[in-house]
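Trainee: As you go down the protein sequences, you meet chains A and B in turn. Under the working numbering, the letters of the first sequence match residues -4 to 233, in that order. Under the working numbering, the letters of the second sequence match residues 283 to 381, in that order.
These are computed hints drawn from the structure, not numbers from a lab. Cβ atoms here follow ideal geometry from the backbone N, Cα and C, with glycine treated the same way. Be aware that one or more of the hints could be misleading.
Unchecked claim - Just so you have them, the derived chain B footprint on chain A, three or more residues with Cβ under 8 angstroms:
(1) 66 to 74
(2) 147 to 159
Claimed, not checked - Just so you have them, the derived chain A footprint on chain B, three or more residues with Cβ under 8 angstroms:
(3) 322 to 329
(4) 364 to 373
Unchecked claim - On the chain A side, residues computed to face chain B include the following (Cβ under 7 angstroms):
(5) 2
(6) 41
(7) 140
(8) 215
(9) 216
(10) 221
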Amino acid sequence: MHHDGALPAVTAAVLEGGHAAQVELLDRLRAGDRTAFAELVDAWSPMLLRVARLHVSTHASAEEVVQETWLAVIRQLDRFEGRSSLRTWVFRILENQARTRGVREARTVPWSFGSGADGHEHAGATVDRARFRGPEDRWPGGWTPEGRPTAWEPAPEDAAMAAEVRRELRAALDELPERQRTVVELRDVYGLSSDETCERLGLSPGNQRILLHRGRARLRARLEHVYRGTTGEGARRG
Amino acid sequence: MADLPAPRSADDDVLEIACREFVELVTEHMEGTLPKALENAIAAHLELCDPCVVYLEQMRRTAAALETLPTPTLPAAARDRVLEMFTSLHGGTDPAAPR
């Protein structure tokens, strides 16, 4: 086997079942390629911990679930038929482990996540209507001069801003309604795809997008507030 | 999407959107889930509207900044235990594998 041309394990592991690169990765893992396995453990453990927390009530329990999941993956690796992506298979094992434990802990599973919307989470505009021109205006629905967003300088990823941006985002995330927070975390913080997020949470694609939209919009507004504060750009407040 | 202002059709029947509508479509635009007609309307809007370009950019940067948040992982002892188990069950190391 030559590894020079091989995809990184984390890349091959999200490919659909039957893909040549997945077959190659499975061969490597079954042959004991510890580097490839460690790559998956290191890349996915944070995400698996977060998903486990949907089912169990403490971080310590989630750690045990994730450890048990990896051990089950190791034990069942030879039996995995490769019909789904490796990642999908690992998620299924995790959820089986987590549910078993969650039942023991009497954690009611994700707040009936899929059922119905709490109306207030879905209602209303995500940007203050006062920032837009009225229906009688020449450009109805356009930004007013005071309402329009202005570019963020320096950028959030700039070293001068990064620490404060992370602090504000963490705080703002924790203040989001739980369903919005969970979707934004799974998608943006932990890197699940929209399909994966829908499946983990039992959400329809449309509801998932609404929750993502409302959550991200609030976080954007929080960062905007930070920038206005730092630049002294004016007292208007969305 | 819930509670969207209905995009209006202009006289020539080409879909036009206002800024107030764009900000509620921005996530679906980023997700690539909008119908073609709305995507066309958004492209036309962004050509002419710098503040909406800024808004879109800020949504992207918000999502990108979220990726940089620190996340807890397995404790080192648990990670070691898992990797030891891997090696003991799946044989020694593959000689071709970079170690």
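Trainee: Residue count check for the segment 66 to 74 of chain A against chain B: does it reach three with CB-CB under 8 angstroms?
Mentor: holds (count 4)
Trainee: Cut-off 8 angstroms, C-beta pairs, minimum 3 residues; does the coverage of the segment 322 to 329 of chain B by chain A stand?
Mentor: Result for this restraint: violated, n = 0.
Trainee: Holds or violated: is the Cβ of residue 216/A closer than 7 angstroms to a Cβ in chain B?
Mentor: violated, 9 angstroms
Trainee: Report holds or violated for chain B covering the segment 147 to 159 of chain A, Cβ cut-off 8 angstroms, minimum 3 residues.
Mentor: Since three or more residues must qualify, the claim that chain B covers the segment 147 to 159 of chain A holds, with 5 doing so at under 8 angstroms.
Trainee: Three residues or more, CB to CB closer than 8 angstroms: is that satisfied between the segment 364 to 373 of chain B and chain A?
Mentor: That given contact holds, which follows from 8 residues of the segment 364 to 373 of chain B lying within Cβ reach (below 8 angstroms) of chain A.
Trainee: Mind checking the CB of residue 41/A against every CB in chain B and telling me if the closest is under 7 angstroms?
Mentor: Holds, about 4 angstroms.
Trainee: With 7 angstroms as the cut and Cβ atoms as the points, is residue 221/A at the interface with chain B?
Mentor: violated, 11 angstroms
Trainee: The hint names residue 2/A as touching chain B; please verify it with the least Cβ-Cβ distance against 7 angstroms.
Mentor: violated, 14 angstroms
Trainee: Minimum Cβ distance from residue 140/A to chain B below 7 angstroms?
Mentor: Violated. Min distance 10 angstroms.
Trainee: Against chain B, with CB atoms and a cut of 7 angstroms, does the hint on residue 215/A hold up?
Mentor: holds, 4 angstroms
The structure fails hints 3, 5, 7, 9, 10 (numbered hints given earlier, in ascending order).
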